[in-house]
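Full structure from sequences and hints, please.
Protein sequence lines correspond, in order, to chains A and B. Residue 261 in the working numbering sits at position 261 of the first sequence; the count goes up by one each step and never skips. Residue 65 in the working numbering sits at position 65 of the second sequence; the count goes up by one each step and never skips.
What the hints contain is simulated information worked out from the structure, not anything from laboratory work. For each residue, glycine too, the CB sits at the ideal point set by N, CA and C. None of the hints are false.
Reference excerpt, derived from the structure (chain A facing chain B, CB under 10 Å, subset only):
(1) L143
(2) I149
(3) R155
(4) V236
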Amino acid sequence: MRPSTLGFATSAAARPVPTARPRAWTQFLRDVPTMAAAVALLAIVVMAVAAPVVAPYAYDRQNLEGALQGPGRAHWLGTDNYGRDVFSRVAHGARISLAVGAVAVTAEATIGALWGVVAGLYGGRLDAWMMRVVDLLIAFPALLLAILITGIFGRSLVNVILALVLTAWPGIARLVRSQVVVLREREFVEAARAAGATSGRVVRRHLLPNVVHLVIARATLDASVIILLEATLSFVGLGVQPPQPSWGLMINEAFGYLRSAPFLLAAPAVFLSLTVISLNVLGESLTVALDPRRRRSRLPGAPS
Amino acid sequence: MARYALHRIGLTVPLFLAAAFLIFMAGRLAPGDPVVIRLGDQYDEQAAQVIRRELGLDRPLLVQFGHYLAAAARFDFGESFARPGRRVGAFIADALPISLRLTALAIAAAALVGVAVGVAAAVKAGSALDRLIQIGIVVLLSVPNFVIAAVLVLVFAVRLGVLPVAGVSDARSYVLPVVVLALLPTAYVMRIVRASMMQALTEDFMRTAYSKGLARPQAVLRHALRNAALPIITQIGLSFGYALTGAFIVELIFNIPGMARVGVEAIFQRDYPVIQAVVLVYMAVFTLVNLLVDLSYAALDPRVRY
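See below:
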């Protein structure tokens, strides 16, 4: 490695203006809704991780004599039609919802980012074909694709994750490609190439670092869509299968007891909505905080 | 206009064909050989060959796909696996109008309410009313619609008893399903109406309209709303497509015998031809609506020319 030549390529141009970053982050950290969303999300994650510890009962422990009890001392969110503890099920449901969300988002963001980088970097016919695949998958409404996959390959958690990944990654690929197409013409990439950097090195050192913030912001928004879609699929009966708990499934089960035990609806509905709203707020704020254009507009002297 | 239309259609057709091929292939990749299932215990290689020839399964894939599409165009999707002897097209023909009617009603409601409320928010931008509308939009966009459905059923059907819990027997039974299905599109329409109206209200032609003595309501409706119409129509058109899949959940909640029931029952019974037909028909409607939205651009805005 020759630090003199490569150092020139990576120093000034490749990195974002360092003085601007703290401003955007300060704004981000001071924004009350953003922080409220972060705290809510953190609490839900803690509840999910610690579910086996905080849940007073096993999520599938039935007690038919104590079915459909209202919230009380022994079961502080009540019990469902099988006498199962609602709080224990909500906590374990958080585990499933968040785990499915985390796995699906990681996979779709990785696939989407790599697809977008390769298409954008090489351009030409390869790019055209790769983007046709993206167009095709984006043309499918997410729920329809999920129905096709779970319908043909069977109702299982793995197929649900597969469907979620398949509906989400093309969005990231399109986003990343549009950035890479611009970036690859920039001087710092040209300089790196002139210094003899391979395509792999250009991708790793110059292209990925310049799109990763966009991917993170977009993936946060995707997470809310994905968790909502998992809940929807489970609600319809195509996702998580009983007796495993999932918020969507619990809301479906609550529908049968709206007359006698409306409280069954409250806990899964509140937790699901809170998770989706928090991820949305956080994603929107991240998009603003990480957007270099908006960052620049906040510099002194620039119109805000 | 004609050239633009041709160009748009030229872009749409290959996309739809590719989607149809994907749906066709999904059926081929499905676990379980239909010939083996059909023969059951009497399976022997020779009989299997005969049936394969009869069903055209020995032909090249693209030829099979061509036959599948040609049949689908005549609304022939073959026989149901789960209910032998029943034509898949007949299920779809029964269910599709119900789903389309529900979706159309919901989109009409969303368009009416969305435009009215959105205009009000834009005209009174920054007021308490505007704030309230903005909060409403955020809530509608982030609370899952089956959660809102559950709350509405609880209040209006179970507690107050003014509306039926399920079914589509009379006009009253349409109220809750249409309201639930309209919520999300209404929020999207409100958001886009507010944004594009606020833009249009600051344009020069509005000053001209006022200075020639037009009253505010007339100026707003005749000049601003017309100029803001394009993105609004796009949003309404796109919403139609998404409401179609949204109707899936609403149909299941309210026990409406539409496409969702056909589709979900098929999934539980692993009835592949039905699943494929449901997805293909929805994909066709979806593509068609998007195409119409694009074409309406050119029809409405003389500046759009290819």
